[in-house]
Amino acid sequence: MSFVVAKGLTRNYDLSEPLIVRALTMRPKRILTAVDNVNFSIEKGTTYALVGESGSGKSTIAKMAVGLLKPSAGTLIMDGKNLNDPALARNEQLALRRRIQMVFQSPYASLNPRWRVGDIIAEPIKAFGLIDGTKAQFMRVSELLEQVGLASSDANKYPHEFSGGQRQRISIARALSSQPEVIVCDEPTSALDVSVQAQVLNLLKALQKEYALTYLFITHDLAVVSTMANKIGVLNKGKLVEEQSPTGLFSRPQQDYTKMLLNSAPSINFG
Amino acid sequence: MSENLLQIKNISVTFKTRHGVLKAIDDLSLNVKKGEILGLVGESGAGKSMTGAAVLGLIDPPGRLSSGQIWYKGQRIDQAPETIRGHEISMIFQDPLVSLNPLRRIGDQLVETILTHMPITKAEAVDRARKGLEEVGIDPERINAYPHTFSGGMRQRVVIALALAPEPALIIADEPTTALDVSVQAQILDLLKQLCRERGTSIILVTHDMGVIAETTDRVGVLYAGRLAEIGETRDVLTNPKHPYTKGLVASTPRIDASSFDKTLYQISGSMPKLDAMPNGCAFHPRCEFALDKCRIDRPSIIADRAACWLLDGEETLL
Ligand SMILES: Nc1ncnc2c1ncn2[C@@H]1O[C@H](COP(=O)(O)OP(=O)(O)O)[C@@H](O)[C@H]1O
Ligand code: SF4
Ligand SMILES: [Mg+2]
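Chains as they are written, first to last, in our numbering: chain A, 1349 to 1619; chain B, 2 to 320.
No wet-lab data here; the hints were simulated from the structure.
Model, not experiment: these values are computed from the prediction.
Possibly wrong hints are sitting among the right ones.
[Stated by the list, open to error] With a Cα cut of at most 35 Å, we get these calculated DSBU-like pairs of lysine-lysine:
{"id": "1", "chain 1": "B", "residue 1": "248", "chain 2": "B", "residue 2": "275"}
{"id": "2", "chain 1": "A", "residue 1": "1557", "chain 2": "B", "residue 2": "275"}
{"id": "3", "chain 1": "B", "residue 1": "10", "chain 2": "B", "residue 2": "35"}
{"id": "4", "chain 1": "B", "residue 1": "123", "chain 2": "A", "residue 2": "1607"}
{"id": "5", "chain 1": "A", "residue 1": "1411", "chain 2": "A", "residue 2": "1585"}
{"id": "6", "chain 1": "B", "residue 1": "132", "chain 2": "A", "residue 2": "1553"}
{"id": "7", "chain 1": "A", "residue 1": "1483", "chain 2": "B", "residue 2": "10"}
{"id": "8", "chain 1": "B", "residue 1": "132", "chain 2": "A", "residue 2": "1585"}
{"id": "9", "chain 1": "A", "residue 1": "1585", "chain 2": "A", "residue 2": "1483"}
{"id": "10", "chain 1": "A", "residue 1": "1607", "chain 2": "B", "residue 2": "275"}
{"id": "11", "chain 1": "A", "residue 1": "1553", "chain 2": "B", "residue 2": "264"}
{"id": "12", "chain 1": "B", "residue 1": "123", "chain 2": "B", "residue 2": "74"}
{"id": "13", "chain 1": "B", "residue 1": "194", "chain 2": "A", "residue 2": "1585"}
{"id": "14", "chain 1": "A", "residue 1": "1411", "chain 2": "A", "residue 2": "1355"}
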């Protein structure tokens, strides 16, 4: 079995008006199926990219993967364990959560502005009880900062003292701090400029090689995943409409929707 | 196409702060020709939007245009904001809701804009508003709809109709498609290109997306740390960049290409300097792999009408 498996993953949002309004107006319930029976699997140490336009359900899948949202139906399985098994004890759940971390799109919104960088990065270490003792925690934070290309002295600074790209490095260090096996990246470079984007993408790739990390990489930009996706899944209105290797997808897209995405992506190639 | 509609001559924009005077734009010059789309590209904070704001006289205090001149149709406009700007120059922002009042029907907003710019009757203005909507691909029957009933892309079309209503000769579009999906983005960019061709309108298109630059603009100016690093015909600049920063930008742009897999992207190390820590000489020198001793001391101006880089010095004839 693959390392990460999404099985019939589904998420509904209830967009209905309040019951009392519905009773008075006789209007039916309105349910939006944001993610509709999505299946995919990811091999250990590889990158699976989910590509789609806004509202296609990408972020909803990301949130379900890291436990921020519950699926309405279906489940996610990691390393043979059902993440959504209601029978899981609290400590078993926690143990699984440690193994999947997330890097968010906005390095501005996802870092608490009032915390020092060192505390932000140490938070998962403390929450999961990974390392005891302030000194040892501090050493680990220094090591993580250096791994993502920052200085250990940066631990004392606040997020606003860093540029967008550096903040995204901090987010990555934080995600790494619980020693996860899977990282969900939701548009991690969309807010960054190309020159900085390249730095962050290269860093993610180097870390993947070093730690055999498995990535679920979410993006609206096909070019961004061209260097790192082993497989690309195309999401349209909550449904996975096509799945291929980048080579296959770029040269022989099967679905009209995929062709449209490829054709409308602005390209720097003059042809 | 060779006639200059707009000339920006050696402008600087400064901010007085507690830490001294900061220069957000530093001695920048460029021209916009009649009927062309000029792209401005660079990372956030490079001064793209500030350049647009300077042209429109919209720099918020404590910032101010501290030196230089801006000429429009042979008239100096940096001293006399109200007369020309607004009537002849329109602005399109990334967020359509900056330009649209959510509480008013789109038709009313269009008619009002038209009436402030043209001596015509209300009925004629309504007629024009309907034509304007049609032109940007919106059903004129929706003239009485409110902004929130449109999708993001449709709303941006309404904004374009509003921007076009006074029949401006120049439109400054600041990241007009950044918030939109690629399919919608492609439609909006096509629309802008078509308007440019049909009406001879000039556009300054501000974006950080090299793909958008490649597909939409005739010429491109690359900004770095408030200075113009390179300028030229778009194809020329992107296929044969002269400034090391432009080279880096082009090389680090990921491409939809089956052979990209597992390759490391080219990266420019470091980051753009902050305004209060500008290096001497060439602003790019701390990140430049070609930097010469001279680069650390003397600031290069644009050489051979192309790039602000000492590597081009003495090579004017080669270009
Ligand atoms: N909390 C929510 N309540 C209701 N609808 C939501 C909520 N979050 C997302 N949606 C809807 O679900 C769909 C998928 O959203 P999302 O997963 O955010 O897409 P993406 O990340 O691909 O842009 C969209 O139509 C969105 O409006
Ligand atoms: S002037 Fe010098 S430092 Fe600046 S870009 Fe050219 S070579 Fe590099
Ligand atoms: Mg999203």
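The hints, checked one at a time:
1. B/248 <-> B/275: holds, 21 Å
2. A/1557 <-> B/275: holds, 33 Å
3. B/10 <-> B/35: holds, 17 Å
4. B/123 <-> A/1607: violated, 46 Å
5. A/1411 <-> A/1585: Answer holds: residue 1411 of chain A to residue 1585 of chain A is near 17 Å, not above 35 Å.
6. B/132 <-> A/1553: violated, 51 Å
7. A/1483 <-> B/10: violated, 58 Å
8. B/132 <-> A/1585: With Cα atoms ~33 Å apart, residue 132 of chain B and residue 1585 of chain A stay inside 35 Å; holds.
9. A/1585 <-> A/1483: violated, 49 Å
10. A/1607 <-> B/275: violated, 41 Å
11. A/1553 <-> B/264: With a Cα-Cα distance of about 10 Å, the restraint between residue 1553 of chain A and residue 264 of chain B holds, given a limit of 35 Å.
12. B/123 <-> B/74: At roughly 30 Å apart (the allowed maximum being 35 Å), residue 74 of chain B and residue 123 of chain B satisfy the hint.
13. B/194 <-> A/1585: Cα-Cα ~30 Å, so holds.
14. A/1411 <-> A/1355: This hinted pair holds, its Cα atoms lying about 15 Å apart.
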